[in-house]
Amino acid sequence: MSIILTCMGLAKTYGEEQVVRGVDLDVRAGHIHSVIGPNGAGKSTFFNLISGQVTKTAGTVFFKGEEITDYTPHMLPHIGMSRCFQRTNVFPELTIYENVWGAMFACANDGPMDFLRRPIFSGELKDKAEEVVESVGLSHKLHDKGKTLSHGQSRMLEVAVTLAAQPELVLLDEPTQGLAPEATHEMTELIKRLAGQYTILLIEHKMHIVMEISDVISVLNLGQKIAEGKPADIQNNQMVQDAYLGRLRDDND
Amino acid sequence: MTFLIASQILNGLATGTLYSLMAVGLTLILGALNIPNFAHGVLFAFGAYFTYAITEMTGSFYLAILIAPLLVSAMGFVLESQGIQRLYSAHHDYQLLFLFATALILQEVIIIIWGPVGFSVQPPASLQGAVDLGITVYPKYRLAVLAFGIVIIMALYFFLNKTNLGAILRAGIENREMVMVLGVDINKVFLATFCLGTYLAGLAGGLATPIMGLTPSLGLDILPLCFVVVVVAGLGSIPGAILAGILIGLSQGIATIWWPEATNVAVYVMMGLTIILRPQGLFGTR
Amino acid sequence: MMQNKTLFLITLAGVVIAPMVFPTVTATDMLIFGLVAVSTNIMVGYTGMLSFGQASFFGIAAYASGLVLKADISVFLAIPAGVIMGSLAAAMVGYFCVKRTGLYFICLTFAFNQAFFFLVYVWTDVTGGDDGLPGIPRPDFATDTLSFYIFIAVLFFICMAAMLAIVKSPLGLIFRMIRENPERAEAVGYNVRFYKWVSFMIASAFTSFAGTLFPMLYGIVPVDQIHWLKSGDFIFMLLFGGSGNFFGPLIGAVAYIWMSDTFSVFWPRWPILMGAIFMFVVLFMRGGVVEMIERTYRYFRQKRGDAKPAETTT
Chain A
1 MSIILTCMGL AKTYGEEQVV RGVDLDVRAG HIHSVIGPNG AGKSTFFNLI SGQVTKTAGT
61 VFFKGEEITD YTPHMLPHIG MSRCFQRTNV FPELTIYENV WGAMFACAND GPMDFLRRPI
121 FSGELKDKAE EVVESVGLSH KLHDKGKTLS HGQSRMLEVA VTLAAQPELV LLDEPTQGLA
181 PEATHEMTEL IKRLAGQYTI LLIEHKMHIV MEISDVISVL NLGQKIAEGK PADIQNNQMV
241 QDAYLGRLRD DND
Chain B
1 MTFLIASQIL NGLATGTLYS LMAVGLTLIL GALNIPNFAH GVLFAFGAYF TYAITEMTGS
61 FYLAILIAPL LVSAMGFVLE SQGIQRLYSA HHDYQLLFLF ATALILQEVI IIIWGPVGFS
121 VQPPASLQGA VDLGITVYPK YRLAVLAFGI VIIMALYFFL NKTNLGAILR AGIENREMVM
181 VLGVDINKVF LATFCLGTYL AGLAGGLATP IMGLTPSLGL DILPLCFVVV VVAGLGSIPG
241 AILAGILIGL SQGIATIWWP EATNVAVYVM MGLTIILRPQ GLFGTR
Chain C
1 MMQNKTLFLI TLAGVVIAPM VFPTVTATDM LIFGLVAVST NIMVGYTGML SFGQASFFGI
61 AAYASGLVLK ADISVFLAIP AGVIMGSLAA AMVGYFCVKR TGLYFICLTF AFNQAFFFLV
121 YVWTDVTGGD DGLPGIPRPD FATDTLSFYI FIAVLFFICM AAMLAIVKSP LGLIFRMIRE
181 NPERAEAVGY NVRFYKWVSF MIASAFTSFA GTLFPMLYGI VPVDQIHWLK SGDFIFMLLF
241 GGSGNFFGPL IGAVAYIWMS DTFSVFWPRW PILMGAIFMF VVLFMRGGVV EMIERTYRYF
301 RQKRGDAKPA ETTT
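Chains as they are written, first to last, in the working numbering: chain A, 1 to 253; chain B, 1 to 286; chain C, 1 to 314.
So here's chain A without its partners, still in its complex pose (with noise of 0.2 Å):
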């Protein structure tokens, strides 16, 4: 398979911090990448540099053999790379269905007039957004504003929206963060689906999730790449385990 994102030297330093010094990442087409480390390892800072919401300091980035380290964010979809947030950040006074058409005609739009002429509720792209919707689940929902979803629900929300933009690579930030069993075990199955479809990287905390899903896991620690490799070497990773299993299982207690 081919290598469809590839970060070398990535680095931001905050003033004396340096939260991430110089990672290098390879993503597969196709796999469920994640990206694990403890709470400050700059997981997070890391994928705010590879989708340009933080300037970096130092690396740089391709995209299907296209530089994209100077790319700002509102690029990215364009050429198939699409986020999500750790914090539920869908657009509350919105329809589901306009929170995910309007996702979704960004990547559609033709200039001008098109955004003055094309219909919201009709044609080739009403279906899309359909389909997307329904893909998460909310179909019963499309014509409610954002805000009244509950919290799982928001978070398929912001699922959908970054998937209306069709990427072929994923950014997917803590998806199951803060919800209940019931609906992280949702999450994950639908992550398990996407797979199919599109290329995956995913920064997660919950380690079963990430054993059962990765192809391949990335640790972070203090900013570097301590591991990589198939779940089961990572399970087993003596240096792994010393920096982040062990503390990870009392952080849970």
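Derived from the structure by calculation, the hints contain no laboratory data.
If you're wondering where the values come from, they're calculated on a predicted model, not measured in any experiment.
Using N, Cα and C, we set each Cβ at its ideal position, and we do this for glycine too.
Do not take every clue at face value.
Stated by the list, open to error - Label pairs and their in silico Cβ distance ranges:
| hint | chain 1 | residue 1 | chain 2 | residue 2 | range |
| --- | --- | --- | --- | --- | --- |
| 1 | B | Thr2 | C | Asp125 | 29 to 37 Å |
| 2 | C | Val25 | B | Ser120 | 33 to 41 Å |
| 3 | A | Asp110 | B | Ile111 | 50 to 58 Å |
| 4 | B | Val78 | C | Ile17 | 38 to 46 Å |
| 5 | B | Phe148 | A | Gln224 | 52 to 60 Å |
| 6 | A | Ser2 | C | Ile158 | 53 to 61 Å |
| 7 | A | Asp110 | C | Lys168 | 14 to 22 Å |
| 8 | B | Val78 | A | Gly123 | 29 to 37 Å |
| 9 | C | Tyr218 | B | Ser120 | 31 to 39 Å |
Using the hints provided, position chains B and C relative to the given structure of chain A.
For chains B and C alone, coordinates are given in the frame of chain A:
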């Protein structure tokens, strides 16, 4: 010519000091509460009118300059505790609009109390007349304002940087979470900041009376200037506000030498240049 | 809530009735400022950008159109000339302002407004400075007040239809996405700064359009039409009417013009009343009149809803 230039530069410095006081007050409020105080101009005018009224009543300008800013600060106290605090949960825009509405009302109140016609006010007897500085002869009162303004700014600097209360106010601007961690009621910090900011507006107004005279539009005229000072300084920088205030005052003074009608245009040229060359303001970081 | 079609028809009825209820000149004033309030709301209400400088563009357009009309050139040149001048100014101001968000945006729009004011104030040869720009004629086909009203009403509806179409288009949805969550709008692929600029431009262009009509109404452009206080009045109109609804600001414009016409005659201190209403709206009625109507409507519907099951049980 040197005579004219020197006195205009001094003029610029004196009004610049007043702008600095205003802008520091505005910056404090802006930093802590995250709203531009649209009532700042009208509170400046109240400072001026109170000073005038108290001088008339007691015969002492010095007493007036002591009391008037405190009265303005008390108005600030009422505004913050009765109005803005009710709007903490709403969007910032509404706090701003509340202050704007306040400004509209107070503006008319000035006219109701003191009439629509402006008048000039004499400086206190001890500060009347002029001093010969060698290069130019300059009014005593303006020199006094310049000196007093510098003292106030230094005192303020000392207060914010060397006292506990000052440190808490500063933290309210720079690092809200820290204030919460310290266990200080952030609402009280906001209230104190607002009172301090409005105090400075009132003080600047009081000092300005013998220079600018009293007209009901005093507040309306000075408010945009304060905003320009803050834009030039960059949001949230107190030293920036001080320097930018003096810079704007100076550019007005210097413009007066060659093209008196365009003093205000000079101000906006300064602003335009800042925005083009340094969009975040001279001292701004965001 | 009611459909836009219904509301459009209500507006139409209102425009027909207005000259019978109010003096015709007042009614014309209402239409002009109705346009201003609705267009400003595209930026303030729909995109979430509070600007305190919209009087700049209203004023610039008014002066440009006034000058063309004074030169006795066709009104159909005066209007485009004003719109172009206003929009050019907006393009420039908007370019600098949308780089900044929140506070800085408000401060900048405000400061720019005053910059234009002083420009007009100082440039007496062209603008008349403090005295304003007098002696502006109305177009030949609309010299009496009623035919002028009809002329303005036609233009009013063209603009309203255009603005409603914009708000209902995907562009309007993009604006609302930016208002709700600019960071997320950026992440789904919208260049937020560009669309904010577009919103600024659209709002300012329609405000300019209204500005070009103003000089013909009273035959003069007073200098206070470009003062920052005027920008505050625009905000008052849209907030009082209700910024959450496309038609809401119209109510605000009508109320504002009615108040200023009625009270200013016998009470020069009437802005105190406006300030008080403004304060009341901000404190207790943030959705404006529209929200109040909606609440009442819901209250009565609920009452009726409660009554029905009661009937069935008896």
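Subject >> Hint numbers contradicted by this structure >> reply: 8
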